[in-house]
Amino acid sequence: MDQTHALGIDIGGTFTDLVVYDRATGRIAKGKELTTPDDPSRGVLTALEKLLEGGVAPESLYRIVHATTLFTNALIERKGARTGLITTKGFRDVLEIGRERKYELYDIHIAMPKPLASRDLRLEVTERMAPDGSEITPLDEGELLQQVDALRAAGAESVAIVFLHAYANPAHEDAALAAIAKKHPDLIVTASHDVAPEIREYDRTSTTVTNAYVKPLAHIYVDRLVDKTAALGIGAPYFMMLSNGGLTHIAEAKRSPVQLLESGPAAGALVAAYFGSKAGVDNVLAFDMGGTTAKLALVDEGEPHVDYHFEAAREKRFAEGSGLPLNISAIKLIEIGAGGGSIAHIDDMELLKVGPQSAGSEPGPVCYGRGGSAPTVTDADLLLGFLNADYFAGGSMKIDRDAAQQAMQPLADRSGLSVVDVARGIYDVVNENMASAARVHIAEQGKDPRQYTLLATGGAGPVHAYYVAKKLGVRRLICPLAAGVASALGLLIAPARIDRVVTIASSLEQMDWAKLEAAYRELEEDAAKVIEETGFDAGKARITRLADMRYIGQGFEVVTTLPDGPYDASAAQSLLDAFEDTYRRTFSRTPPDVNAEIINIRVSLRADVPGESVGFKATGDTSDGAGAPHTRPVRFPEFDDYVDTAVYDRAGLKAGERFDGPAVIEENESTLIVGPGATIEVDPDGNLLVALPEDDS
Amino acid sequence: MTDASFDSATLEVLWTRLVSIVDEAAAALVRTSFSTVVRDSHDFSCVITDAAGRSLVQATDSIPSFIGTLPRTIRHFLDEFPAETLQPGDVLITNDIWMGTGHLPDISVGKPLFYKGKIVGFAGSTAHAPDIGGKIRSPEPREVFEEGLQIPIMKVIRAGEPDETFFNLLRKNVRAPDEVVGDLWAQITALDLMDNRIDTFMREYGLDTLDDLATEIQSRSERAMRAAITALPDGIYENTISTDGLTEPLDLKVTLTIDGDEVMADFAGSAPQVDKAINCAMCYTYAMTAYAVKCAAAPNLPNNDGSIRPIKAEAPEGCILNPQFPASGGSRALIGHFVPSLIFGALAKVVPDKIMAGAGSPLWCINQSGVTESGAPFAKLFFFNGGMGGTNQSDGQSTLSWPSNISTTPIEVIEQLAPLRVHHRTLRPDSGGAGEFRGGLGQEVKFESTSLTNTAVAFLAERTRVAAPGIAGGEDGAKGELRINDQLVDPKQQHIVKTGDTITMRTPGGGGYGKPGDRDADAIAQDQAEGKIAE
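If you read the protein sequences in the order shown, they are chains A and B.
Those letters in the first sequence? Residues 1 to 697, by the numbering used here.
Those letters in the second sequence? Residues 1 to 535, by the numbering used here.
Chain B extracted, bound-state conformation:
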């Protein structure tokens, strides 16, 4: 029984319509984008919020980190530009680390949705730009100033008029101006589309505001999430893991408190922030926390402000999971992607059936920059994933993006766009941790630089020292490896490669679930026949 102004059927109809609007915008963004980062890798999100910047609907294709961060960014827009300072046709922008997504390449934009002269909500989008200037993305920068162009919260379009000065500045500061600016226009196209559709939607249903609808959507989602959390056993659960870190491993610690219908993740005890760009801003830490809890407690709930309200996170200021200005954060995924595994580890003791073993994440990538034969600068970014962990029902999937959802770029496209030749790309046999349900396999990719001039390469590469852990008796996955000319190299450094140099990336496998001795004999035979495990 519910109290509200919308009955179960009417609300479902309106809600379905809102989701179709934001999905349509996401489809338009992908179709009109210029970089492989958006169109092949899907590193973006679209959202519609209420007038206070609380999310209402998220695009089905949005990635978990931006699902968590973008609504907060919209609220920062509102803090900087209160409603009375906004007019129809305005578009706001920022890439601020702390108010955005934790690193500069992610450009977030927001547009106030006006209806009958009043702001009824916001349309927002975040997309990962192929370049943002500064030092090529690697963990090396010590401060945010080294990482590229910082865009304060500002109006990139004022009442329909683009700020040409800004566009000129942006073009001047990035290595791939056509792609970066092209993608930004694709984002703006997506905002316009949401604006038009919301206008039609409100007219059609005779709504004057979205407030009641938002309250209804968010409160129902919140109740459902609270019920799902209540089903988890109360208690205080701790877990500590190590990451490769820099010269020394870095520890991450969580104290997870499940108290009735709320979850609190406290990251006190984790390593302090470092003078390398792997610091993970609190906005990203929170997004990853919410993702993990939702996977475990209520995977089918829709994404909006209500469904994450019962999930809290805190970390001391100056902690690597809550770094302070002017910390750098370009490669924050190298810490942030561990957060879901860290939380799963804490839950492993009480609800092993709701989580999976450690994944071969964080995401791996190669970032290459230099000049083309014609002298034009270029920067290319290609992603590769490891294996997922096993669960109580199934083997981990091989080479699947987790916790993010960033796809790879086809080899034929890589070779067409970048001075790289790919020698091979294969699954790594024996890289999945053994178990009743084994971990997914990682992959091995070998590149050769064909650029006539030297190029700089930098990486996202983790779990080269610390394997993805198995759970419930399962074994760890294989560690990752990064080699240049067959020599192990420091994955956190930028390297210069010349023609003919080779780069080999071996992404980590996922951890296994359950005792290897309990594995089904047919599954073992199948793995052997396919060469996925040794004879």
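Just chain A, with the same shape it has in the complex:
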């Protein structure tokens, strides 16, 4: 039988999505089940069995790609393994002392995140390295093994090893791994230089302990899933999505599951990049707005931005500094407390605030009539005519417009505005919240929002995208088809991507160029090995060399993409130029009279999905054209009152059709709002392309 089917599995907090893609026909089949948190493989199996019953033969699958929020949830709910830490004598409290900095200045009841390894499970061993990697005190292996015994006796299921300055010399950590493996071959162990070989002991310890905390879970879960699918007759290899949007194989995922924490959102950003490139757009601002949060990510030249630090499981949602710092590479995205369920209120200063509190999906917005009483963004959208009271969620849901109106009344009374103006205010405030966050994020990358095309997904995304785009000065907007299973689709188009990093810490002036070149080669070979093992052709992989560079004396590095190697002394100027270009783009000016240095070097290897160029067939596109739209009154920000506006049924739109805003385009999962002066075009794949009017201000 021809192996023509690829399977994508995306386990989210609520739903488990499966997508099967047939590369022979371009057809996709979808499956959706509730996630089964106690044993997530069960939900996958249920959905998979249905797909198999629907005609997909187990032996026709040639590749399975998987993303999961399992590990993130384990962190948030503190449901990982009982984890012990063994560290350098004198430093077991590094993990609890942290950075000593409050994330809220005025809150006297502030709660910092609790360490994943409690103090009684943090033990010490005699050993010491110097910052230059030279040995000061040898490792006491006898003491080490005693401490491991003590941790096991205390019930530790997983152990993290973190020694001071191990980024400079991992010899003691290596020796510890070997000694433990010999005496406790079954014990799950993570060493810091294996997952985060970077200076700053708190961040490195946090990353290592987090990995240890989720590692036993990863072993059990992955093995179980593979076994169960094998029992169905599926022999296709598994690939796991990393937080940086790359793929890796099962063994690497089990070794370092901390890298998988953000695999779901990463897949979402990849699919935005995919739809962007299909529409011929290089620079995409991916905008995904759901019930509780909105996520924004930049995609440049088809590549989502990748960050090298991440904060997980925040104690206070959206408050930077309240979570666990992790040195992992992850697709850079920002999450804002702005969704359809975000609640509006008037604060002590008589300001109209929206979110971050959310009515979520239960009880949900007031208009859902499920017991919600606080006015939400969705209620405002409804009152403004953006949403269709008579055909909500494809007509599957009864909507109570009067209740929404009544819920707004107290805000109107307090602010002195009419109910409609309160609704307009909510719409504008939530859009500004998202635009402001996006503006800071885009500025931090040294980019200009006007060069981006906004790509809207999620239930509330298309309702708000147009006016978020307008606030940002974005000129184009794309509303893709099939956004409902976007992340799962993203899995099937992901390249294999392996990132490697090592600290070298040298100024450009004093660089040992042969050593630098050798260090890059070593990272590249290591990454290529994983790419090969993942079943991709490492020979065709794109290699990118990067370096974390700074001016001597600075403490934060700028991740700089470097020209291709090999390097020798003549490369010094081009490396400096690359750094200073990046620096100037980010911070507008370079300081006078200082030299630059490289702290970490990085390589990133990417290999595309072999053998095919993926092309999805638009589904549900069988109509002969839209026909005449009906109309309803809609309150656009540009007009002083409601105006009768054309409402289109998206399922009825034909490729190539063009029409002008203002317009409302409805589909089952969402509604696209387009303001006056804009034009809308349906592309051959069924995506809606919106051109915003030229700004006259």
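You may find that some hints are simply not true.
Unchecked claim - Taking CB as the label site, the calculated pair distances span:
1) B:ASP251 / A:THR590: 47 to 53 Å
2) B:LYS498 / A:GLU315: 54 to 60 Å
3) A:ARG82 / B:GLY473: 35 to 41 Å
4) A:ALA569 / B:ASN168: 30 to 36 Å
5) A:ASP347 / B:ASP353: 20 to 26 Å
6) B:ASP259 / A:ASP593: 52 to 58 Å
7) B:GLU373 / A:GLN445: 39 to 45 Å
Stated by the list, open to error - Derived contacts from chain A toward chain B, CB cut-off under 8 Å, selection only:
8) TYR106
9) ILE199
10) PHE556
FYI, nobody ran anything at the bench for these hints, they're computed from the structure.
Even glycine gets a Cβ: it sits at the ideal position worked out from N, Cα and C.
Since the structure of chain A is provided, determine the placement of chain B on it from the hints.
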């Protein structure tokens, strides 16, 4: 119901935008700075004010002291350089103790924001320089002249042209010129960024001035603060505390008057100013007063001129909380950081649920200077914190900066930058005051000097004689300790250490809240299992 030209929704949108501008500037300052003081310790602030120098928005990451002082510094800039003497591209600077933040290392800069030829506001930033020359920072200097370079209010950049003479003078007078000047440029970068963004913002929203917006932001905040103060019971509340002081303890006294919608903190009765650098200038005293009142009354209010208008403070001239020229003030945190605890103590009798027990502050730090093996001078500054106090809801957090928000530097970074080896860094068991909610733990850090030549070390170290007090029946936290070669030493003196000498810092624990007998049995068991209290 409000009267104004901005409705609730429009104002929220504009305000959100302003906050995002000042936060973006703060992010750029951290990213481009050269010293650990800014980038690891976050000892800085950024602000945008109206044309009169009244604050509009403060960066989310600004520290409490500068939130209070920087807008005043901008107004001093305006007094010295009235609007008609300023032109686009000017940047003003000072580190004056009385007009700045109370000590010389804090360099404040301000830039007039011009729009259509008129000044519509100011962008400002304060950052703690890693060195400012003079005697290494310790409480020893008797007069400000011993403390380093004094920068009068002047234009460091004139219409876009840097004053090279000034930069040369600065470089010549500090031990770490690349870091000090690098950080100053990082501050200027932050000002430029705010300037550009405000220009775009005004163009986009068709504003000609920020005046109406400022009035609206400030008056709404002021009303909210007045309402929050009205909710506190009226009365006159007194409190007196002792600090370690110098050879003798020094007393601080407050008479806190809550009268309707205003609070007045009168510090009469506090010790007179001293001939050591722990005097706390009035600008800093006020900033700490405003911080304490805001924590207790309205922790969620945004920071701007309006939200602190109903909060007043006064102290007699010549008092240690209002010292006069030429008093020294390098280590003013050793007095100033007590002010919030002093005010909380006064409120403890009436609103114990709105305050916390005494914190293991002031902030501790070690300041080391000397010459490197290559002969270059260096000066390094590393901070360590004690435990916070317990509250009616929760234990005090261990090792968390309060009232300031100065983070620590990683051990691996310290060992890479300074000739110090760290032997250990641990939580101090039993250092949190017992209580229904116990105080947070302090920490113990032991250093060894690895410099081949002698180095000078000086400290911020307090509460070695006077513990952080418990409240509502809670017990006091453990006192701090400073030892060199295991001998207790005077923390207010500079010490010379040679290779192999060790320095041990034990930061104080926080006080407990409520009677220890009321503590939850599980919490006690957990503390015992983790070795945070004795068996």
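For each hint, the structure was consulted:
1. For B:ASP251 paired with A:THR590, a C-beta distance near 51 Å keeps the hint of 47 to 53 Å intact.
2. Here the CB-CB span from B:LYS498 to A:GLU315 is close to 44 Å, at odds with the stated 54 to 60 Å.
3. Between A:ARG82 and B:GLY473 the beta carbon distance is about 36 Å. The supplied range of 35 to 41 Å therefore holds.
4. Checked against the hint of 30 to 36 Å, the pair A:ALA569 and B:ASN168 passes, with Cβ atoms roughly 34 Å apart.
5. For A:ASP347 and B:ASP353, the Cβ-Cβ distance of about 22 Å falls inside the hinted range of 20 to 26 Å, so the restraint holds.
6. Look at B:ASP259 against A:ASP593: about 56 Å separates their beta carbons, and that is inside 52 to 58 Å.
7. The hinted window of 39 to 45 Å between B:GLU373 and A:GLN445 holds, with their beta carbons roughly 40 Å apart.
8. Interface hint at A:TYR106: satisfied, since its Cβ lies 4 Å from the closest Cβ of chain B, which is below the 8 Å cut-off.
9. A cut of 8 Å between beta carbons decides the hint on A:ILE199: the least distance to chain B is about 5 Å, and the hint holds.
10. The closest approach between the C-beta of A:PHE556 and any C-beta of chain B is roughly 5 Å, which is under the 8 Å cut-off, so the hint is satisfied.
When held up to the earlier numbered hints, the structure conflicts with hint 2 and nothing else.
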